[in-house]
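Undergrad: All chains, full assembly: derive it from the sequences and hints.
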Amino acid sequence: MNSTFTGLNIATSGLYTATANLLVTSTNISNVDTEGYSQKVATQQAVGPAAVYSGSYVGSGSEVTSIDRVRNEYLDKKYWEENSTLGELQTKSDTLTDDVEGILGDTDDTTFSTALTDFYSTLETLETDASDDSVRETVVTGAETVCDYLNTYSAKLSELRESLNSQVSSTVDQINSYASQIADLNTQIRQAAASGASTSDLEDRRTLLLDELSSLTDVTVTETTVGTLADGSDDAVLSVSVNGSTLINGGTAKQLECKQDSDGMYQITWADSGDSFEPASGELKAYLDLRDGDGTDPDYKGVVYYQNQLDEYASTFASAFNTVHDAGYDLNGDLGTDFFVASDGSTTITAANISVSSTIENDPDKIAASSSSDTSESENDENLLNLVALCEGDTMFGTCSAIDAWSAIIATLGISAEHAETMASKQSSYVDTIDTRRTSVSGVSTNEETANLTKYQEAYSASAQVVSMWNSLYETTIGMVDE
Amino acid sequence: MRITNNMMVANTVRNLNSNLERLSKAQQQISSENKISLPSDDPVVATKAITYRSYVAQTEQYQNNVESAQSWQDTTDDALSDLSDVVKSLRELVVQASSDTNTTSDLADIKTQVESLQESAVDILNTSYAGRYIFGGYETSEEPYSVVSTSVGDKVTYKGDYLSIGAAMDASLSDSDITNFCTSNTAYDSSSADESIKYNIDFGTSVTVNTEGQDVTGSGLDSLFDTFSKVLLGLDGDTSYKTYGEISGITTGTYAAADLSGINDDTTLTVTVNGTDYTIDNDTLQTLSASSTITDTADLLGNAVDDDGNKLSSVVAITNDGSGITMTSLSAENTSSIKITVEGTSAANVESVFGLTSDVTTGTSAKGVTTTTFELTDLLDDIDSNLNTISTAQTTLGSRMDYVDTVSERLATQKTNYKSLMSDNENVDVAEAYTEYTSAESVYDAALSVGASVIQKTLVDYLA
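Protein chains in written order, with my numbering: chain R, 1 to 483; chain C, 1001 to 1464.
These are calculated hints, taken from the structure and not from any lab test.
To give an idea of the chain C side of the interface with chain R (calculated C-beta under 8 Å), a few residues: (1) Met1001; (2) Arg1002; (3) Asn1006; (4) Arg1014; (5) Ser1054; (6) Ala1057; (7) Gln1061; (8) Asn1064; (9) Ser1068; (10) Leu1459.
Where a beta carbon is used, it is the ideal one built from N, C-alpha and C, also for glycine.
TA: What follows is the structure, given as C-alpha cells:
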C-alpha cells in the first residue's frame, strides 16, 4: 500500500527534474561563448520504489543525481602534447622569417650582394685609371659600404639575440605564474571535491590554464588517485611534469629562476635545487634554441650560427683581400698595408668590427694598385688586376667566390625558414583538428540546447498536467467524504 | 561528429583567413612584380637571383671598360696615322734633297722643314688622353719624349733615358768626347719588362689598351730619331757620322793553358759560339801534353770545327799573350756567348788548366766609336724600316681594336641574356599573377557569402 500523496510526489519530482534540466540547459546556453567551458549534462535517474504491488515496484519519480562536465581527458592530453610542439615550431618559424630574414634577406637591390658588386665595379673602374684620385675615393666609399652592411647585420643579430633573451625571461615568468595558478586551483578542486561541491567550473579553468602552459613548455599531466572521498568518488591529485622533472604536484608549484651568465644570457634553473631546466619543446625551448643554437650537430641553427657565419665571412674576405693588397705598391711607392682592419683594434676581424683601414680612408693614394715601387709608373695597375681576379674568381673562399659564399648563407637561411614555416603550418592544422574534436565533445551546441529547451519544457508541461490531474483526484477523494 | 555553432564559426574564420592569405600573396606579387619577397618564399630562386644580379652588374661594368679601352685605342690609332704621315713627308724631303739640282739654300730650307717634322713627331708621341700620356707605358703622368741639347748634339730622351745614346753624331766630334758622353749617361734599356696596361673587358678576358713608345719608334741605334739625326747631318753636307756601340763581339776572359796533362781517351772539348759547337777530336787533343806551349794550344783550338767543317778560327780571333789565351768573336752582331765545355773522366784536370771554374762563359762586349760614311739616298732604307715599325705597331693595335669591338658586341648580347635570365627567375608573369589574383578573389567572395549564411541560422530562428 502506498502513501496517499505519492502520486503528487511523483509528479512533483517530475517538475523538479524538468526544472533542473532546464537550469542546466540555461547554464549551457548562457555559457556558449565562455572560453574553455565544457557543456554540462544532467544525469537523471528513476527514484526507488514508492509502492509495492505483488512484488513489483512502482517508482517514486525521478531525480537528478549529478550534473557532469562532458570532457575527453585523452583528447586534452593529446592537445597539450601537440600544442607544445606547435608553440616551438611556430616561434621558430616566426623568428626566422620575420626577424632573421628581415635582417639578412637578400631579394632586391638594396642588399649586401649589390654593395659587393658595386665595390667590384669601383675596382674595375680604377683599373682603367689607376692614378685618378676621385676614382680611388669611390673605391674607398664602396669598401666602406660593404663594411657597413656587415657591421649593421652583426649589430642587428646581436639586438635580436638580446630581445630573444628577454623573451626567455618573460616566458619563464609566465610559466611560474601559470604554475602557481594551477597549483591553487588544484587545492580548491580537492577541497571542493572533499566537501561534495561541484568542481566542474574549477576544472574548466584549470584545463584552460594547462592549455596556455602547454604552448610555453612541454607538459605531461597525470592524475593519481590517493584515496576515496566520503561520497565514494576518487580523491585525485593532479601533477604536471616537464621533461621528467615535476613542476606542479597537487597544491605545490615549483618555481623557475633566471640567472644571467657572463654574456648576459639567462640560464634557467629550478629555484629549489639549482639544477638546470631543460624543456623538451614549447616556446621556451624555441627561444633558447634560437638564442643559443650555433648549428654544430645536433644543435639548432639559431642566431649564434648566423653570427658565426657572418664573422667567418668577414674574416675570410678581409684576409684574402689583404694578402693580395699587401703584395702591391701604392702611388707613393710604398708596399701596401692591410686594406681591411678591425675597427676595435683586436686581432681577429669579425662582421662587427670589419672596416676600411683609416690610413687608406684618409689617403686613397695608399691603395696598392701597382706592382712596382717605381712612383713614375702611375698607370701600373697589375696588382689591381690581381685584386679583381681574386674577387671575381673562384678561389677567394677556397672553392668559390665571395658572392657565391654569400649566396650559400642566404640559401641556408631561406631553406631553414621555409622548412620551419611548412612544419609550423602542418602542425597548426593538426592541432586545430585535435581542438575541433575536443570542442565536438565538450562544446555547447545552441541547436542541441534549443531542442533540449523544447524537450524539457514539454516535460515540465506534462508533469504540470500530472500534478493538476492528481490535484483533481485528491479533490475528488476529499470531496468524496465531505458532504 | 557532433558539430557546435562555435565550431562552424571558428572553421569559417579559419578558412576565410587562409583565403585572405592567398589573396594577399597574389596582390603582393602583382604590385611588386617579384615572385619572392623573402628568401624563404623560394630559396632556389633567391640564390639564383643573387648570382644573376651580379652577372648583370659585372657585364655593365665590362661595357664601361670597353668604352674606355676603345677611346684610348682610337686616340692611339689616330696618333700613329699622323706619325706615319710625318715619316712619309720626311721620305719625300730626303728624296728631294738627294737630287743633284739642290742649292745650299734649298738644302737649308729642307733642313728647316725636317727639323719641324722632328718636332711634330715628338709632339705626336707625347699625345695625351684624359690627362695621361698614351705612349709612356706605365709612366703616364709626364711627357715621355723630349729633345735635349747635349755636348754631342741634340738627343731625344724617352722616359728620362736617352733613347739612342750611341746614335749618329757629328763626325767632327772627338772620339773621347763621344765616349765620355755615352758612358756617363744612361741609355734606355729595351729589355725591361712590358708595361702593358690591361683592362678587363669580359669574364676572364683582358686586353692591352696601350702601345708603348719604344714599340713605335724603336730604340738603340735604329730608332726613328736616329734616322732624323742622320738626315739632319746629311742635309748639313756631312758625308760621315760617328756612332758609339759594340765594335766587336764578346771577348772571353783569359785562360791560362799551360801544363796540359790528364787528357785521356774519353776527354772531349767543345767551344760553343752563339749556339754552334766547334769540337776538337780526341786524337788531336791527346797531342797536347805537358810539354806543349800556349801557342800549341791556341793553334789547336783554332782548328776546332763545327758540323759543316767551318773552323773556329773563322768566327773567333784567338790570341795569346804568352800567359793566357783570349777568344774574341769577329762579328759585332748576333753574338751572345762563347762557351768552353770539357767532359770526361779527367774533365776536372783539363778545366783547371783552362782556368775554368764553371763551363759557362759570357764575356763583355767591347764598345767604341765607329765612323760610317753615307749618302742621303742610303737613308731611304732606314726610313722605310722605321715606317715598317710604325705600321707593325698599327697592325697590332688594329687587331686589338677589332677584338675589343667583337667583345663589345658579345657583351651587349650577354647583358640581354643575363637580364632575361634574371627576369625569368625573379619576376612574375603579370598575366599569370593577375589570373591568380582574380581567382583568389572569387574564392574569397564565395567563402564569405557561404560562411555568412551558414553561421547565421540556428534552431532558434525556427522555433520562435
